Amino acid sequence: MARPKTEARPGRSRAQEVDRHVGARMRERRIMLGLTQQQMAELIGVTYQQAHKYEKGINRIAAGRLFTIAQALGVDVGYFFEGMETERDFKPTPQQRMLLELARNFIALPNRKYQEAICNLARALASVEDTPDDTLKGL
-6 MARPKTEARP
4 GRSRAQEVDR
14 HVGARMRERR
24 IMLGLTQQQM
34 AELIGVTYQQ
44 AHKYEKGINR
54 IAAGRLFTIA
64 QALGVDVGYF
74 FEGMETERDF
84 KPTPQQRMLL
94 ELARNFIALP
104 NRKYQEAICN
114 LARALASVED
124 TPDDTLKGL
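The working numbering applies: residue -6 is where the sequence shown begins, and numbers increase by one.
Just so you know, the hints here were simulated from the structure itself, not pulled from any lab data.
Don't take every hint at face value.
Said to hold, decoys possible - Restraint ranges, calculated between C-beta atoms of paired labels, are given here:
#  : residue 1 : residue 2 : range
1  : A55       : L102      : 20 to 26 Å
2  : A17       : A115      : 17 to 23 Å
3  : C112      : T86       : 21 to 27 Å
4  : G57       : P85       : 40 to 46 Å
5  : P103      : A55       : 39 to 45 Å
6  : Q42       : L102      : 35 to 41 Å
7  : Q32       : F60       : 16 to 22 Å
8  : L114      : V11       : 33 to 39 Å
9  : G67       : Y41       : 19 to 25 Å
10 : T29       : A55       : 19 to 25 Å
11 : L95       : R7        : 34 to 40 Å
12 : L114      : T29       : 58 to 64 Å
13 : A8        : I100      : 23 to 29 Å
14 : Q88       : L114      : 16 to 22 Å
Owing to the predicted nature of the structure, the values given are computational and were not obtained by experimental measurement.
Where is the CB? At the ideal position from N, CA and C, for every residue including glycine.
Construct all of the structure, not just a fragment, from the sequences and the given hints.
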């Protein structure tokens, strides 16, 4: 039976872009040092296939492993992120801006009782099915 197609998670393509960039920088540095993928794999304690997947951005590199790779290649961890767009280039969606505002306002509430009331309200609104947008405009 075929798996149902699921929507991409928000931010997933950005994460994949970062994985590919980090992998490309890893490959670039390895080649600069004259190492084969096999030699690189042995240096960082993974299989040749895993090193290949890291370089292609297929598999995400864990923080500890990235630190090991940086040491093996003689660079700082930041080296792998050089040339990436910075978060300053990030343009939040209207929904993301609203969520940030909600979080700021929630934290600014003077007591826990108010915070619990907001949570209860959000829970109640989330459980309402098929609510037309017009119904909520008066809130």
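Going through the hints against the structure:
1. A55 x L102: 20 to 26 Å: Given range 20 to 26 Å: violated, Cβ gap about 37 Å.
2. A17 x A115: 17 to 23 Å: Hint violated: Cβ distance 42 Å, outside 17 to 23 Å.
3. C112 x T86: 21 to 27 Å: Given about 23 Å between the Cβ atoms, the range holds.
4. G57 x P85: 40 to 46 Å: violated, 30 Å
5. P103 x A55: 39 to 45 Å: Holds: the Cβ-Cβ distance is about 41 Å, inside 39 to 45 Å.
6. Q42 x L102: 35 to 41 Å: violated, 51 Å
7. Q32 x F60: 16 to 22 Å: Once the Cβ atoms are compared, 19 Å apart, the range 16 to 22 Å for F60 and Q32 holds.
8. L114 x V11: 33 to 39 Å: holds, 36 Å
9. G67 x Y41: 19 to 25 Å: holds, 21 Å
10. T29 x A55: 19 to 25 Å: 23 Å Cβ-Cβ, so the 19 to 25 Å window holds.
11. L95 x R7: 34 to 40 Å: For R7 against L95, whose Cβ atoms are near 22 Å apart, the range 34 to 40 Å is violated.
12. L114 x T29: 58 to 64 Å: holds, 60 Å
13. A8 x I100: 23 to 29 Å: holds, 27 Å
14. Q88 x L114: 16 to 22 Å: holds, 18 Å
The structure fails to meet hints 1, 2, 4, 6 and 11 from the earlier list, while all remaining hints are met.
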